[in-house]
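K.L.:
Here the protein sequences come in this chain order: G and H. According to our numbering, the first sequence is numbered sequentially starting from 367. According to our numbering, the second sequence is numbered sequentially starting from 367.
Mixed in with the good hints there might be a few duds.
Partial pick of chain H residues on the chain G-facing surface, computed with a CB cut under 8 angstroms [claimed, not checked]:
# : residue
1 : ALA506
2 : TYR661
3 : GLN664
4 : GLU680
Calculated pairs, EDC-like style, for lysine to aspartate or glutamate (alpha carbon to alpha carbon, straight line, at most 20 angstroms) [as the list claims (entries may be wrong)]:
#  : chain 1 : residue 1 : chain 2 : residue 2
5  : H       : LYS412    : G       : ASP455
6  : G       : LYS412    : H       : GLU543
7  : H       : LYS412    : G       : GLU543
8  : H       : LYS429    : G       : GLU543
9  : H       : LYS429    : G       : ASP455
10 : H       : LYS484    : H       : ASP399
11 : G       : LYS497    : H       : ASP605
12 : G       : LYS429    : H       : GLU543
13 : G       : LYS591    : G       : GLU561
14 : G       : LYS412    : H       : ASP455
15 : G       : LYS528    : H       : ASP657
16 : H       : LYS497    : G       : ASP455
17 : G       : LYS497    : H       : GLU597
18 : H       : LYS497    : G       : ASP522
19 : H       : LYS528    : G       : ASP522
20 : H       : LYS484    : G       : ASP508
21 : G       : LYS484    : H       : ASP522
22 : G       : LYS497    : H       : GLU458
23 : G       : LYS497    : H       : GLU543
24 : H       : LYS631    : G       : GLU597
25 : H       : LYS481    : G       : GLU543
26 : G       : LYS528    : G       : GLU458
27 : G       : LYS481    : H       : GLU597
28 : H       : LYS528    : H       : ASP455
29 : H       : LYS497    : G       : GLU458
30 : G       : LYS526    : H       : ASP455
31 : H       : LYS526    : G       : ASP455
32 : G       : LYS429    : H       : ASP522
33 : H       : LYS723    : H       : ASP605
34 : H       : LYS423    : H       : ASP483
Please keep in mind that the hints were generated in silico from the structure rather than gathered at the bench. Only a predicted model underlies this, so the values are computations on that prediction, with no experimental measurement involved. Ideal Cβ placement from N, Cα and C applies to all residues, glycine included.
Below, each chain spelled out in residue letters.
There are 2 protein chains.
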Amino acid sequence: MKNILLTLFILVSCGTFLIAQRPSVISPEVHPDNSVTFRFSARNAKSVSLDTEILPKPVEMAKDSSTGVWSITIPPVKPDIYPYSFLVDGIEVNDPNNTYLFANEGFKHSLVDIKGDKPLVHSLQNVPHGKITYCSYQTAQDRTGTLLIYTPPGFDANGKTKYPVLYLIHGGSDTEETWTKVGKANLIADNLIAEGKMKPMIIVMPYANTGLMMQSAFGTDMINKIIPYVESNYPVLTDRNNRAITGFSVGGGATLNIGLMNLDKFAYVCAYAPYVQTPEFRANFGNWNPDVAAYNSQLKKLSIYVGESDQYIEIVNSAVKLFKEKGLNLETMYVPGGHTWMNCKLFLATTLPQLFK
Amino acid sequence: MKNILLTLFILVSCGTFLIAQRPSVISPEVHPDNSVTFRFSARNAKSVSLDTEILPKPVEMAKDSSTGVWSITIPPVKPDIYPYSFLVDGIEVNDPNNTYLFANEGFKHSLVDIKGDKPLVHSLQNVPHGKITYCSYQTAQDRTGTLLIYTPPGFDANGKTKYPVLYLIHGGSDTEETWTKVGKANLIADNLIAEGKMKPMIIVMPYANTGLMMQSAFGTDMINKIIPYVESNYPVLTDRNNRAITGFSVGGGATLNIGLMNLDKFAYVCAYAPYVQTPEFRANFGNWNPDVAAYNSQLKKLSIYVGESDQYIEIVNSAVKLFKEKGLNLETMYVPGGHTWMNCKLFLATTLPQLFK
Numbered sequence: 367m368k369n370i371l372l373t374l375f376i377l378v379s380c381g382t383f384l385i386a387q388r389p390s391v392i393s394p395e396v397h398p399d400n401s402v403t404f405r406f407s408a409r410n411a412k413s414v415s416l417d418t419e420i421l422p423k424p425v426e427m428a429k430d431s432s433t434g435v436w437s438i439t440i441p442p443v444k445p446d447i448y449p450y451s452f453l454v455d456g457i458e459v460n461d462p463n464n465t466y467l468f469a470n471e472g473f474k475h476s477l478v479d480i481k482g483d484k485p486l487v488h489s490l491q492n493v494p495h496g497k498i499t500y501c502s503y504q505t506a507q508d509r510t511g512t513l514l515i516y517t518p519p520g521f522d523a524n525g526k527t528k529y530p531v532l533y534l535i536h537g538g539s540d541t542e543e544t545w546t547k548v549g550k551a552n553l554i555a556d557n558l559i560a561e562g563k564m565k566p567m568i569i570v571m572p573y574a575n576t577g578l579m580m581q582s583a584f585g586t587d588m589i590n591k592i593i594p595y596v597e598s599n600y601p602v603l604t605d606r607n608n609r610a611i612t613g614f615s616v617g618g619g620a621t622l623n624i625g626l627m628n629l630d631k632f633a634y635v636c637a638y639a640p641y642v643q644t645p646e647f648r649a650n651f652g653n654w655n656p657d658v659a660a661y662n663s664q665l666k667k668l669s670i671y672v673g674e675s676d677q678y679i680e681i682v683n684s685a686v687k688l689f690k691e692k693g694l695n696l697e698t699m700y701v702p703g704g705h706t707w708m709n710c711k712l713f714l715a716t717t718l719p720q721l722f723k
Numbered sequence: 367m368k369n370i371l372l373t374l375f376i377l378v379s380c381g382t383f384l385i386a387q388r389p390s391v392i393s394p395e396v397h398p399d400n401s402v403t404f405r406f407s408a409r410n411a412k413s414v415s416l417d418t419e420i421l422p423k424p425v426e427m428a429k430d431s432s433t434g435v436w437s438i439t440i441p442p443v444k445p446d447i448y449p450y451s452f453l454v455d456g457i458e459v460n461d462p463n464n465t466y467l468f469a470n471e472g473f474k475h476s477l478v479d480i481k482g483d484k485p486l487v488h489s490l491q492n493v494p495h496g497k498i499t500y501c502s503y504q505t506a507q508d509r510t511g512t513l514l515i516y517t518p519p520g521f522d523a524n525g526k527t528k529y530p531v532l533y534l535i536h537g538g539s540d541t542e543e544t545w546t547k548v549g550k551a552n553l554i555a556d557n558l559i560a561e562g563k564m565k566p567m568i569i570v571m572p573y574a575n576t577g578l579m580m581q582s583a584f585g586t587d588m589i590n591k592i593i594p595y596v597e598s599n600y601p602v603l604t605d606r607n608n609r610a611i612t613g614f615s616v617g618g619g620a621t622l623n624i625g626l627m628n629l630d631k632f633a634y635v636c637a638y639a640p641y642v643q644t645p646e647f648r649a650n651f652g653n654w655n656p657d658v659a660a661y662n663s664q665l666k667k668l669s670i671y672v673g674e675s676d677q678y679i680e681i682v683n684s685a686v687k688l689f690k691e692k693g694l695n696l697e698t699m700y701v702p703g704g705h706t707w708m709n710c711k712l713f714l715a716t717t718l719p720q721l722f723k
């Protein structure tokens, strides 16, 4: 099978450049026991290391002096999708033999998908699939903004069904594609809908880096542009009880800013590892004096989820403390792991069944 | 402005990793005169070159020993979108500071967009925009196949309008996203529709690497799975006069195989730099004895477009010669340039206004 794949790669690695341009190596190669071999062809490099979100620190790879291919096999890994990159003489590069890239503006990691024996909540399964539509809208600054819109299986744009809407926001250097391409939000929804565990809903994933740290410009777009765009173009329920907002990291901070400052718009506000050290958060919540009873009666869910070893755990905990001290009904969940998209998938799969019930 | 951008990058290059992980450099930087500066931070590298589809061969970059940043400025470039990569001590890497990547399975080039003063046919302009929807279907091998479907501005899934359909196939190591992300097929269509130069149509862009060199497996899927999927899920015209097939490189070869072997299905068959050195092409056309009158009366368009310096020009010309010798009405267009997506955009913008008239 490996030889077939190698031959295939050589012949198919054609396309724009029909002749394969580099020694063809297979990387990453996930073995049946979930151990993984990573390979990188670099005859002249002095050192090549593997940097992953699987192992706590970069590990040296070994060079085959006859082929010039560096490789390492790491022990069995818990099935999930993990970012990694190579450090080649100290320079970080992604894996040229792996199509699967992390969608991000600040770094370019490759991803390895350890599928395991049983389908995971984010796995592509043989269930009805929703669609993802790339839409555009005019931002408040008169730019063309991008939105990804997940519609559930069986969606009929002109049918009688009206759907609730989740607004799902990426992290600070991510893109509008990170929640689908890395976070697998569409497959998680497909699978949970197929199991009858969540309500069919529309999930809106906007590009959110329209202002520094997703502060006011993005919030303005969300309220004045994105929600109106969705509500005039999709068959959706438009009351606050059928609107949720959720986001990760800087997008989690934006979720708290936008969600809690617009109680008339959102009944569900769920932040994943929210990064809240921003002037906007301080302006909103520094001397906040909320009508706690109104918040607690109107919010069907206010939650903060975070990994216990998240590098921003103190910042996240400061937000937890703030909202608890104010007397808000805040649900928290602490799980193993860090500020990762492995946890984002878990957080989303935990949230979706709780929305719009 | 540059300082603002730098600051922005440092602060926003956060997201999953909130702290910027590398020296923040701007690359590529397109100057007002369309010259371009490329930069790459690699203090320990011995040599860094820039490899582009702008210049005929890689050029050495110079290192600033104080910052460790390598850079080069190239003279003004004709506005277009060009692939490039860096060769760092002989290892090809994409530009870590550039979000814009070439969607491809075999290589990972970055793209630089030289916008110029006037909007180009592929530029994002202030016109109504269509949408791109990511759909899935079951392939003949019972896998989940991916399709991108462009619907034009004003599209109404349940309206009275029925649309003609263009099936648009990528090159051999490209992906289903290459025609939109690199070829800008959606923006080209948006712009031509806004100018009244083409008929609003649905454009279907399937992932086509389902068989070696897009041979029989993909053709079977196209006829038995993809067309039926589109026709049962979208409001489309289903007669041959309202179906076109077009593709680039290996996808151009597939276009000729699928289009000409299924005259009952397609009235428009347009190949861009078709790569035809495949067993399937030989089997189909090696001893081909077509009903030339039927082909010439039923095909509203059979065309082959290619760049004069395409590295496969001889292979393309062998197909041109074959079809001309058989007596088919073949339109050809030879333009400057090579086997590139700069030319693909030109070819598509030339084809679209001619379809379904």
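K.L.:
Each of the hints needs a verdict: does it hold here or not?
P.N.:
Here's how the hints hold up against the structure:
1. Interface hint status for ALA506 (chain H): violated, as the beta-carbon distance to the closest one in chain G is roughly 15 angstroms, over 8 angstroms.
2. Hint on TYR661 (chain H) is violated. Least Cβ distance to chain G is approximately 28 angstroms, over the 8 angstroms limit.
3. Given hint, GLN664 (chain H) at the interface with chain G, is violated; its Cβ is 31 angstroms from that chain's nearest Cβ, farther than 8 angstroms.
4. Interface hint at GLU680 (chain H): violated, since its Cβ lies 13 angstroms from the closest Cβ of chain G, which is beyond the 8 angstroms cut-off.
5. Restraint check for LYS412 (chain H) and ASP455 (chain G): the C-alpha separation of about 10 angstroms stays at or below 20 angstroms, so the hint holds.
6. Among the hinted pairs, LYS412 (chain G) with GLU543 (chain H) is inconsistent with the structure: their alpha-carbon atoms are about 36 angstroms apart, more than 20 angstroms.
7. Restraint check for LYS412 (chain H) and GLU543 (chain G): the C-alpha separation of about 36 angstroms exceeds 20 angstroms, so the hint is violated.
8. Between LYS429 (chain H) and GLU543 (chain G), the direct Cα distance comes to roughly 34 angstroms. Violation of the 20 angstroms bound is thereby established for this hinted pair.
9. Only pairs whose Cα atoms come within 20 angstroms are accepted, and LYS429 (chain H) paired with ASP455 (chain G) is accepted, the gap being roughly 16 angstroms.
10. Proposed proximity of LYS484 (chain H) and ASP399 (chain H) is supported: the alpha carbons are some 13 angstroms apart, at most 20 angstroms.
11. Under the criterion of a C-alpha separation no larger than 20 angstroms, the hint pairing LYS497 (chain G) with ASP605 (chain H) is inconsistent with the structure, at around 26 angstroms.
12. The hinted pair formed by LYS429 (chain G) and GLU543 (chain H) fails the criterion: a straight-line CA distance of about 35 angstroms is larger than 20 angstroms.
13. Our distance criterion of 20 angstroms between C-alpha atoms is broken by LYS591 (chain G) and GLU561 (chain G), whose separation comes to about 34 angstroms.
14. Between LYS412 (chain G) and ASP455 (chain H) the alpha-carbon distance is near 10 angstroms, which keeps this suggested pair within the 20 angstroms criterion.
15. A threshold of 20 angstroms between alpha carbons decides the hint, and for LYS528 (chain G) with ASP657 (chain H) the separation of about 53 angstroms lies outside it, so the pair is violated.
16. Pair hint LYS497 (chain H) plus ASP455 (chain G) does not hold up; C-alpha atoms about 43 angstroms apart against a cutoff of 20 angstroms.
17. For a cut-off of 20 angstroms, the pair hint linking LYS497 (chain G) to GLU597 (chain H) stands: about 16 angstroms separates their Cα positions.
18. Between LYS497 (chain H) and ASP522 (chain G) the alpha-carbon distance is near 16 angstroms, which keeps this suggested pair within the 20 angstroms criterion.
19. Of the supplied pair hints, the one linking LYS528 (chain H) and ASP522 (chain G) holds, its CA atoms being roughly 17 angstroms apart against a limit of 20 angstroms.
20. Distance check on the hinted pair: LYS484 (chain H) and ASP508 (chain G) sit about 19 angstroms apart at the alpha-carbon level, within 20 angstroms; holds.
21. Under the criterion of a C-alpha separation no larger than 20 angstroms, the hint pairing LYS484 (chain G) with ASP522 (chain H) is inconsistent with the structure, at around 40 angstroms.
22. Our distance criterion of 20 angstroms between C-alpha atoms is broken by LYS497 (chain G) and GLU458 (chain H), whose separation comes to about 35 angstroms.
23. For the given pair, LYS497 (chain G) sits about 15 angstroms from GLU543 (chain H) by alpha-carbon distance, which is consistent with the 20 angstroms threshold.
24. Restraint check for LYS631 (chain H) and GLU597 (chain G): the C-alpha separation of about 39 angstroms exceeds 20 angstroms, so the hint is violated.
25. A C-alpha spacing of about 24 angstroms is found between LYS481 (chain H) and GLU543 (chain G), which places the hinted pair above 20 angstroms, so the restraint is violated.
26. As the CA atoms of LYS528 (chain G) and GLU458 (chain G) are separated by approximately 47 angstroms, the hinted pair breaks the 20 angstroms bound.
27. Taking the CA atoms of LYS481 (chain G) and GLU597 (chain H), the gap is about 33 angstroms. The hint is violated against a cut of 20 angstroms.
28. With a C-alpha separation of about 55 angstroms, the suggested pair LYS528 (chain H) and ASP455 (chain H) falls outside the 20 angstroms cut-off, and the hint is violated.
29. For a cut-off of 20 angstroms, the pair hint linking LYS497 (chain H) to GLU458 (chain G) is broken: about 35 angstroms separates their Cα positions.
30. With a C-alpha separation of about 61 angstroms, the suggested pair LYS526 (chain G) and ASP455 (chain H) falls outside the 20 angstroms cut-off, and the hint is violated.
31. With a CA separation close to 61 angstroms, the supplied pair LYS526 (chain H) and ASP455 (chain G) exceeds the 20 angstroms bound.
32. A hinted pair counts as satisfied when its Cα atoms are at most 20 angstroms apart, and LYS429 (chain G) with ASP522 (chain H) does not qualify at roughly 57 angstroms.
33. Between the alpha carbons of LYS723 (chain H) and ASP605 (chain H) the distance comes to roughly 14 angstroms, so the proposed pair stays at or under 20 angstroms and holds.
34. Annotation: proposed proximity of LYS423 (chain H) to ASP483 (chain H) is violated, straight-line Cα distance about 27 angstroms (limit 20 angstroms).
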